[in-house]
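There are 2 protein chains.
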Amino acid sequence: MSILVVGSVALDTVKTPFGRVEEALGGSATYFSTSASYFTDVKVVAVVGEDFPEKHVNFLKTRRVDLKGLGRVPGRTFRWEGFYDYDLNKAHTMKTELGVFETFRPEIPQEYRDAEVVFLANIDPVLQRNILSQVKAPKLVAADTMNFWIESKRDELVETLKLVDILTINDAETRELAGEPNLVKAARKIIGMGPRTLIVKRGEYGVLMFNGANTFSAPAYPLESVFDPTGAGDTFAGGFMGYIASIMDWKDGNLRKALVMGSVMASFAVEDFSLGGISALDYREIEKRFREFKRLSHFEDL
Amino acid sequence: MSILVVGSVALDTVKTPFGRVEEALGGSATYFSTSASYFTDVKVVAVVGEDFPEKHVNFLKTRRVDLKGLGRVPGRTFRWEGFYDYDLNKAHTMKTELGVFETFRPEIPQEYRDAEVVFLANIDPVLQRNILSQVKAPKLVAADTMNFWIESKRDELVETLKLVDILTINDAETRELAGEPNLVKAARKIIGMGPRTLIVKRGEYGVLMFNGANTFSAPAYPLESVFDPTGAGDTFAGGFMGYIASIMDWKDGNLRKALVMGSVMASFAVEDFSLGGISALDYREIEKRFREFKRLSHFEDL
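Chains as they are written, first to last, in the numbering used here: chain A, 128 to 429; chain B, 128 to 429.
It is worth saying that the hints were derived from the structure and are not from the lab. Just so you know, not all the hints are guaranteed correct.
Since the list gives no way to pick one copy over another, a pair counts as held whenever it fits inside one copy or between any two copies.
[Stated by the list, open to error] Cross-link-like lysine-lysine pairs, in silico, DSS-like; alpha carbons within 30 Å at most:
#1 Lys384 x Lys415
#2 Lys312 x Lys415
#3 Lys316 x Lys142
#4 Lys421 x Lys222
#5 Lys316 x Lys415
#6 Lys312 x Lys142
#7 Lys384 x Lys421
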């Protein structure tokens with residue numbers, strides 16, 4: 128089944144201890160759809176300005192991403208500038224220029240409205256709800272959010288969560304959203320708000336999934352060369368949702384495999400700047416790293 | 128095979144958001160030996176002052192810990208006072224009173240000198256080496272250390288590492304000791320210094336083991352009630368070494384199981400203050416939690 132993703136398409140200027148890129152392709156919808164494209168068809172709803180380079184559109188076309196929902200409007204494309212120091216878990220924002228993203232009011236194209244799988248990237252929870260109202264009968268809705276919305280639009284976010292099956296956030300956000308320092312208790316509170324599955328992203332420490340009564344922990348792949356963590360969370364979500372959408376069965380065992388698949392994709396993404404790490408993977412490389420994750424976390428019974 | 132452990136026996140005053148204990152039993156050798164005692168016999172070399180309460184000696188006797196090497200000398204027992212706030216990964220030291228520990232020069236009793244398995248808890252690397260010189264033919268030597276020794280006695284520590292098979296440290300210390308921000312590269316550098324196995328402790332994020340060409344990641348158990356993380360690292364080491372000493376075979380698959388066993392013991396330890404969480408476990412509880420770790424990290428092939 129194909130996936131509808133709504134989020135940002137951006138131009139990122141990023142500096143890490145290992146290099147720098149300027150106005151490189153970025154944005155949540157970009158990372159998500161590129162990652163998910165290895166598993167299923169992806170339809171993107173996003174907006175760019177008149178200055179958006181055609182080469183980036185062409186790149187997304189090489190990944191067979193459906194761009195009918197990518198609006199091009201007068202103004203400048205969303206730009207983000209930031210840096211990381213040796214603690215690659217923490218992004219330092221230097222400049223955010225919303226540009227055309229500031230007035231983004233996602234209009235879902237008619238031919239996208241029967242989407243069964245929807246990913247709402249990290250945008251205003253009011254817009255997230257508005258998107259869902261335009262989709263006829265979604266079977267699986269996943270969403271991302273961040274501390275900015277938890278702090279500035281908590282009530283709206285709580286309304287949106289009632290419509291969400293799977294929420295992906297980081298651990299500080301989990302504690303903040305629940306108002307509870309213990310992660311397990313915080314997860315249970317959030318699951319009580321609507322989502323039946325909570326995925327807690329922990330950067331280089333991996334991912335923790337609370338799915339009903341089940342808890343699953345996947346490590347991050349210990350990499351020798353981490354160049355740029357930008358987009359790792361959206362790449363993770365793309366691999367996770369892409370895999371699940373390709374089998375359309377979200378029993379716990381499949382969600383576990385999907386979580387590892389998301390971690391696999393994220394591990395490739397951080398090995399290069401921008402989309403470099405996931406722009407042209409061979410599916411056998413993906414399967415090989417999946418097996419490496421198994422070796423990384425496997426142990427025998429007593 | 129029994130284990131010889133050399134480390135501290137202390138009186139801890141600890142405050143966490145969940146309570147407080149005063150002059151409770153603590154110290155690296157105490158946590159280690161109590162934890163390891165579920166798997167094998169443990170011989171302790173440590174020192175306490177004349178003020179050390181007899182009830183603590185009696186407790187260690189209930190765990191069948193061999194205390195012939197526990198010296199009792201004039202002066203006060205080592206005391207540590209500290210607190211944790213909601214970030215339980217970080218201990219804040221308020222007071223350290225070394226007492227009799229300051230002049231501790233471990234003398235290994237004659238009947239301990241044929242020990243085959245040795246754990247050198249976090250003490251001066253010069254003393255660690257001195258201890259090893261008193262042991263006839265150790266087959267497996269594991270050691271712990273900390274940033275204090277990395278910064279103040281680096282050369283001595285490097286000498287000691289040449290004699291160590293397994294080193295346990297946390298991730299910041301791994302980077303600091305190697306002078307290398309990337310954890311994988313740092314681990315390889317440390318393995319080049321002597322240890323064939325490096326265990327990186329990451330608190331609530333679990334443990335990462337670099338063992339020759341193999342890497343293994345074990346999660347920490349997501350607990351609803353974490354009361355006091357004091358001693359978690361030494362409890363982990365006790366479970367790990369206790370299990371390995373009980374089978375005396377350190378092939379990779381066994382080290383993985385031992386790593387999980389250490390994590391199991393640490394998960395019990397943090398559920399109560401002082402030794403409360405591991406003072407009287409039933410072995411079936413340990414096996415049950417081991418199976419829960421398996422459920423927590425297990426996933427199927429694609």
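Hint-by-hint comparison with the structure:
In this homomeric assembly, Lys384 and Lys415 come within 30 Å of each other (Cα to Cα) both inside a single copy, at 14 Å, and across copies, at 24 Å. Taking the shortest alpha-carbon separations for Lys312 and Lys415, only the inter-copy value of 22 Å comes in at or below 30 Å, while the best intra-copy value is 36 Å. In the homo-oligomer, the alpha carbons of Lys316 and Lys142 lie at most 30 Å apart only across protomers (26 Å), although the nearest pairing inside one protomer, at 37 Å, exceeds that limit. Taking identical chains as interchangeable, the C-alpha atoms of Lys421 and Lys222 are never at most 30 Å apart, the minima being 39 Å within one chain and 44 Å between chains.
Taking the shortest Cα distances, Lys316 and Lys415 sit within 30 Å of each other only across copies (26 Å), while inside one copy they are farther apart (37 Å). Proximity of Lys312 to Lys142 under the C-alpha cut-off of 30 Å is restricted to the inter-copy arrangement: shortest distance 21 Å between copies versus 37 Å within a copy. Both within a single protomer and between protomers do Lys384 and Lys421 lie at most 30 Å apart by alpha-carbon distance, with minima of 10 Å and 15 Å respectively.
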